[in-house]
Amino acid sequence: MARSRCTVGYAFYDAEPGRPHSQRIPSVRLRGLWLEQLGFAVGCKLQITARAGELVVTVVER
Numbered sequence: 088m089a090r091s092r093c094t095v096g097y098a099f100y101d102a103e104p105g106r107p108h109s110q111r112i113p114s115v116r117l118r119g120l121w122l123e124q125l126g127f128a129v130g131c132k133l134q135i136t137a138r139a140g141e142l143v144v145t146v147v148e149r
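Numbered by our numbering, the letters in the sequence shown go through residues 88 to 149 in order.
Simulated from the structure, these hints should not be mistaken for lab results.
One or more hints might be untrue.
List time: in silico SDA-like cross-link candidates among lysine to any residue, alpha-carbon distance up to 25 Å [as the list claims (entries may be wrong)]:
{"no.": "1", "residue 1": "K132", "residue 2": "Y97"}
{"no.": "2", "residue 1": "K132", "residue 2": "P107"}
{"no.": "3", "residue 1": "K132", "residue 2": "L120"}
{"no.": "4", "residue 1": "K132", "residue 2": "T145"}
{"no.": "5", "residue 1": "K132", "residue 2": "G119"}
{"no.": "6", "residue 1": "K132", "residue 2": "V115"}
{"no.": "7", "residue 1": "K132", "residue 2": "G105"}
{"no.": "8", "residue 1": "K132", "residue 2": "P113"}
{"no.": "9", "residue 1": "K132", "residue 2": "V144"}
{"no.": "10", "residue 1": "K132", "residue 2": "G96"}
{"no.": "11", "residue 1": "K132", "residue 2": "A102"}
{"no.": "12", "residue 1": "K132", "residue 2": "H108"}
{"no.": "13", "residue 1": "K132", "residue 2": "A98"}
{"no.": "14", "residue 1": "K132", "residue 2": "E103"}
{"no.": "15", "residue 1": "K132", "residue 2": "R116"}
{"no.": "16", "residue 1": "K132", "residue 2": "L122"}
{"no.": "17", "residue 1": "K132", "residue 2": "R90"}
{"no.": "18", "residue 1": "K132", "residue 2": "L142"}
{"no.": "19", "residue 1": "K132", "residue 2": "P104"}
{"no.": "20", "residue 1": "K132", "residue 2": "W121"}
{"no.": "21", "residue 1": "K132", "residue 2": "R118"}
{"no.": "22", "residue 1": "K132", "residue 2": "V143"}
{"no.": "23", "residue 1": "K132", "residue 2": "L117"}
{"no.": "24", "residue 1": "K132", "residue 2": "I112"}
{"no.": "25", "residue 1": "K132", "residue 2": "S114"}
{"no.": "26", "residue 1": "K132", "residue 2": "E148"}
{"no.": "27", "residue 1": "K132", "residue 2": "T94"}
{"no.": "28", "residue 1": "K132", "residue 2": "Y100"}
{"no.": "29", "residue 1": "K132", "residue 2": "R106"}
{"no.": "30", "residue 1": "K132", "residue 2": "S109"}
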């Protein structure tokens with residue numbers, strides 16, 4: 088099993104009427120040739136299963 092590490096960063100939800108400031112939210116970005124080597128080609132559809140402390144990303148359509 089291939090392993091890789093990354094850090095949870097952040098992105099912003101844009102400000103909306105009644106909310107004067109953008110909201111900072113957790114964000115995870117995965118990128119690299121290793122994704123393609125594991126079958127995650129550009130344009131494929133993914134299913135993400137989430138549990139406490141765990142994300143499982145599965146290709147559902149190539």
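Here is what the structure says about each hint:
For the hint pairing K132 with Y97, the CA-to-CA distance comes to about 23 Å; that is within 25 Å, so the pair holds. Distance restraint check for K132 and P107: the Cα-Cα separation of roughly 35 Å exceeds the 25 Å cut-off, and the hinted pair is therefore not satisfied. A threshold of 25 Å between alpha carbons decides the hint, and for K132 with L120 the separation of about 17 Å falls inside it, so the pair holds. Straight-line distance between C-alpha atoms of K132 and T145 comes to about 9 Å, which keeps the hinted pair within the 25 Å bound.
For the suggested pair K132 and G119, the alpha carbons sit about 17 Å apart, so the restraint of at most 25 Å is met. About 17 Å separates the Cα atoms of K132 and V115, which keeps this hinted pair within 25 Å; it holds. With a C-alpha separation of about 35 Å, the suggested pair K132 and G105 falls outside the 25 Å cut-off, and the hint is violated. Proposed proximity of K132 and P113 is supported: the alpha carbons are some 22 Å apart, at most 25 Å.
At roughly 10 Å between alpha-carbon atoms, K132 and V144 fall within 25 Å of each other, so this suggested pair holds. At most 25 Å may separate the alpha-carbon atoms for a hinted pair to count; K132 and G96 meet this at roughly 23 Å. Distance restraint check for K132 and A102: the Cα-Cα separation of roughly 29 Å exceeds the 25 Å cut-off, and the hinted pair is therefore not satisfied. The hinted pair formed by K132 and H108 fails the criterion: a straight-line CA distance of about 33 Å is larger than 25 Å.
At roughly 22 Å between alpha-carbon atoms, K132 and A98 fall within 25 Å of each other, so this suggested pair holds. For the given pair, K132 sits about 30 Å from E103 by alpha-carbon distance, which is inconsistent with the 25 Å threshold. Pair hint K132 plus R116 holds up; C-alpha atoms about 16 Å apart against a cutoff of 25 Å. Between K132 and L122 the CA atoms are separated by roughly 13 Å; this keeps the pair inside 25 Å, and the hint holds.
Among the hinted pairs, K132 with R90 is consistent with the structure: their alpha-carbon atoms are about 21 Å apart, no more than 25 Å. With a C-alpha separation of about 16 Å, the suggested pair K132 and L142 falls inside the 25 Å cut-off, and the hint holds. Restraint check: the Cα-Cα separation between K132 and P104 comes to about 33 Å, which exceeds 25 Å; the hinted pair is violated. For a cut-off of 25 Å, the pair hint linking K132 to W121 stands: about 17 Å separates their Cα positions.
Of the pairs offered as hints, the one joining K132 and R118 holds, with about 15 Å between alpha carbons and a cut-off of 25 Å not exceeded. In summary, the hint linking K132 to V143 is supported, as the alpha carbons are separated by about 14 Å, within the 25 Å threshold. Between K132 and L117 the CA atoms are separated by roughly 15 Å; this keeps the pair inside 25 Å, and the hint holds. This hinted pair checks out: K132 and I112 have alpha carbons roughly 24 Å apart, not beyond 25 Å.
Pair hint K132 plus S114 holds up; C-alpha atoms about 19 Å apart against a cutoff of 25 Å. A threshold of 25 Å between alpha carbons decides the hint, and for K132 with E148 the separation of about 5 Å falls inside it, so the pair holds. Between the alpha carbons of K132 and T94 the distance comes to roughly 23 Å, so the proposed pair stays at or under 25 Å and holds. The suggested pairing of K132 with Y100 holds, with an alpha-carbon distance near 24 Å, which does not exceed 25 Å.
Between the alpha carbons of K132 and R106 the distance comes to roughly 33 Å, so the proposed pair goes past 25 Å and is violated. Simply put, K132 and S109 have alpha-carbon atoms about 29 Å apart, too far for the 25 Å limit, and the pair is violated.
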